[in-house]
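These protein sequence lines are chains R and A, in that order. Position 23 of the first sequence, counted from 1, bears residue number 23 in the numbering used here, the numbering being contiguous throughout. Position 153 of the second sequence, counted from 1, bears residue number 153 in the numbering used here, the numbering being contiguous throughout.
If you are wondering where the hints come from, they were derived from the structure by calculation, not from laboratory data. Accuracy of the hints is not assured; some may be wrong.
Okay, the calculated beta carbon distance ranges per label pair [unchecked claim]:
(1) Phe6(R) to Lys9(A): 31 to 41 angstroms
(2) Ile104(A) to Arg57(R): 38 to 48 angstroms
(3) Arg148(A) to Asn2(R): 17 to 27 angstroms
(4) Arg57(R) to Ser95(A): 20 to 30 angstroms
(5) Arg44(A) to Asn8(R): 36 to 46 angstroms
(6) Pro3(R) to Asp71(A): 24 to 34 angstroms
(7) Trp68(R) to Asp71(A): 20 to 30 angstroms
Quick reminder that beta carbons are idealized off the backbone N, C-alpha and C, glycines included.
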Amino acid sequence: MNPDLFENLRLELRRGCLILAVLAQLRNEHYGYTLRKALADQGMAIDEGTLYPLLRRLESQGLLVSEWREEEKRNKRFYRLSASAEPILRQLLEEWQNINSSLTHIIAGQDATVNATVNSTT
Amino acid sequence: MQLLDRYLKTVGSYLPKSQRADIIRELSENIRSQMEDREMELGRPLNEAEQEAILKQVGNPLVVAGRFQKDQRSVAFGRQMIGPALFPLYAKVLSVNLAITLVICVTAAVVPASLGKSLTSFGTVPAILFQLMLQFSIITTIFTVAERSLNRNGDQWNPRKPSAALPMPEGTRRVFSSIVEVVIGLIFLYWFISARSYVPGILSSLGTGLRAGPGSYVLYLPVLVLTLAGTALSAFTLFSPQGTVLSDYARPAINAVFLAVVCVSIVAGHWIIPAEATGRASQSTAAFIENINQWIRISLIVTALGAALQLFFEVRRIMNRRRNSALPGMNSLVSRSL
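Extracted from the complex, chain R is given alone in its bound form (with noise of 0.2 angstroms):
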């Protein structure tokens, strides 16, 4: 099989769970780095030639708001999630839960098939 296609296609899966996961995670506020090691260590990694433009969209589309602040004689960039992007956020997961339960129905659904017709031959 060609490994570009598989990687497209993976790809194209992961950029709406992605999202998904990056509003999830900032219901506790993050900046940049803090948010993709958390991401990480929940074995959703993320480049941060990915994660950080799109921590910018997500906020120029209202979903985070941002902050910049000191912390460790530093001053960061915290992001949460935003009041308004909260009902959103359960719409988004409750529709990911549907989509996940119908694809294990569909594929739970077509083991029974190939086991049913594996047993008939034998």
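Add chain A to chain R, keeping to what the hints say.
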């Protein structure tokens, strides 16, 4: 942190001014935090190789800057030809180029008309459209090649030279620069040959009657021949991108002759002279002619300095190459004799 500063400066150079300071400040803080974290893990300051590894991980400056751009437009014809990373630069270069081309074309069309020659929209408009289409095609092709190179070799950039964010293998680079040279050479030749028909008209239209002097005649034919030779050489390199002895030595030879011609022209002087053979021009006309000639002299001196500098680098490159190719032979000779 020299590497980081250089990296941030390069990213900043690809960002719009309005967003630059804010993005660079944030990006800088995030990368510094990552470097500090790594230093804590290792219990010592990072060496250059470790800093390079972190910058490589952050990504090619051109791509990173492209992702930060608010303008995510691209050019596609079926598939994407120019992506969001290069699009802002493409749009800027294209608009400046088309504006300059339009001004030159309109001037070239209007000046003969002001001299009494008839101006027909049947001939002029298609000629201007052709020039605009030509410029559009050339620039779009150049940026499409650059985009392909960025997609294929984007991760091969060197953090020590972040300004070279658009990596190109040597062969591709030579083909690419040959195409650009051929196109520029052809456009210049077109302009240079057609200039001969309208420049005398422009000079005589200045009222007092001026014409080209000896300095101009010294320049015209050699520049024409040298440009033809240079364009032919670039076309030849296009079909032999690995380079040949001919192309290696012909380029400095062309530049050396060009330098000599420019020097002779500077010595000859008097690029613009009064049209009347008696040479009795009024005081204001004489001052006007002197001013024009002074500007041409300065321009030619700057051109000569540029050509001399280029010649110096080309000769040095050839000498370095010859020295490098001689060294392995010397080494094997020494090892055999030992």
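Hints versus structure:
1. Phe6(R) to Lys9(A): 31 to 41 angstroms: 37 angstroms Cβ-Cβ, so the 31 to 41 angstroms window holds.
2. Ile104(A) to Arg57(R): 38 to 48 angstroms: 41 angstroms Cβ-Cβ, so the 38 to 48 angstroms window holds.
3. Arg148(A) to Asn2(R): 17 to 27 angstroms: Taking Cβ atoms as reference, Arg148(A) and Asn2(R) lie about 18 angstroms apart, which means the hint holds.
4. Arg57(R) to Ser95(A): 20 to 30 angstroms: Once the Cβ atoms are compared, 26 angstroms apart, the range 20 to 30 angstroms for Ser95(A) and Arg57(R) holds.
5. Arg44(A) to Asn8(R): 36 to 46 angstroms: 41 angstroms, holds
6. Pro3(R) to Asp71(A): 24 to 34 angstroms: At roughly 31 angstroms between Cβ atoms, Asp71(A) and Pro3(R) fall inside 24 to 34 angstroms, so the hint holds.
7. Trp68(R) to Asp71(A): 20 to 30 angstroms: 25 angstroms, holds
Going through the hint list in order, the structure satisfies each hint without exception.
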